[in-house]
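Undergrad: Sequence:
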Amino acid sequence: MATRNTVGGRGDGLPAGAFQRMDEEADRRFYDAPRFVQHIDDGAIGAVTAAILRHIPPGADLLDLMSSWVSHLPPAADLPLGRVVGLGLNADELARNPRLDERTVRDLNADPRLPYPDATFDAVTITVSVQYLTHPAETLREVARVLRPGGVLLVSFSNRMFATKAVRIWQETPEEDRPALVRLYLALAGGFAPPAVELHRPPRSWLGGGDPLWTVVARRA
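Numbering (UniProt numbering), first residue to last: 1 to 221.
There may be inaccurate statements among the hints.
Have a look at the derived ranges for each label pair, beta carbon to beta carbon [unchecked claim]:
| # | residue 1 | residue 2 | range |
| --- | --- | --- | --- |
| 1 | T173 | A77 | 36 to 44 Å |
| 2 | D118 | R54 | 25 to 33 Å |
| 3 | A16 | A77 | 47 to 55 Å |
These are calculated hints, taken from the structure and not from any lab test.
The C-beta atom is built at its ideal place from N, Cα and C for all residues, glycine as well.
When you get a sec, could you build the whole thing from the sequences and use the hints?
TA: Have a look at this one:
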């Protein structure tokens, strides 16, 4: 029988080494230089924006977790929001993001605690970044803490990644099973109602297909 991983000492049934990475250098160093690039194609970006429009109400206070220079939020005319806070690893990227009212630089893999009081936000987004979390249950437990009752978490991801920084279990899980992995993370975290999964998969053509996008939608219990 394989040795089991006990993330945070909980005994979660995941294999030993599940959250190892090819590059174990501190993430603050890896992300020290800003990357002003899009990590998914336009179709997948549109799917992120559409999911936000469907699930996040006008006036919501929002935390964009693992944020960057763009949050893929709908235009303010389509979705006026309250306070928008971005937490990410690179100060220059966060400074370029025009939708953020507040910016926090923090390495969640070094310390998954969020520097916000309980019940601060109505919504949290994690966009194309969950694959890099080495303490996903602890991080999502913190998300549950800072969400208000009934608040919504949107975890969106495609099949792209920085392979040297994505955790082993993510890379070894077939892409169609990764929503179930996120659901497991949420179950280990606690504090959420059973999540729903949405899939955007563009039609294939002779040029190939675009980027798929999965969104796991979880409500604070």
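Undergrad: All hints are to be evaluated individually against the structure, with a verdict given for each.
TA: For each hint, the structure was consulted:
1. T173 - A77: 36 to 44 Å: holds (39 Å)
2. D118 - R54: 25 to 33 Å: holds (26 Å)
3. A16 - A77: 47 to 55 Å: holds (50 Å)
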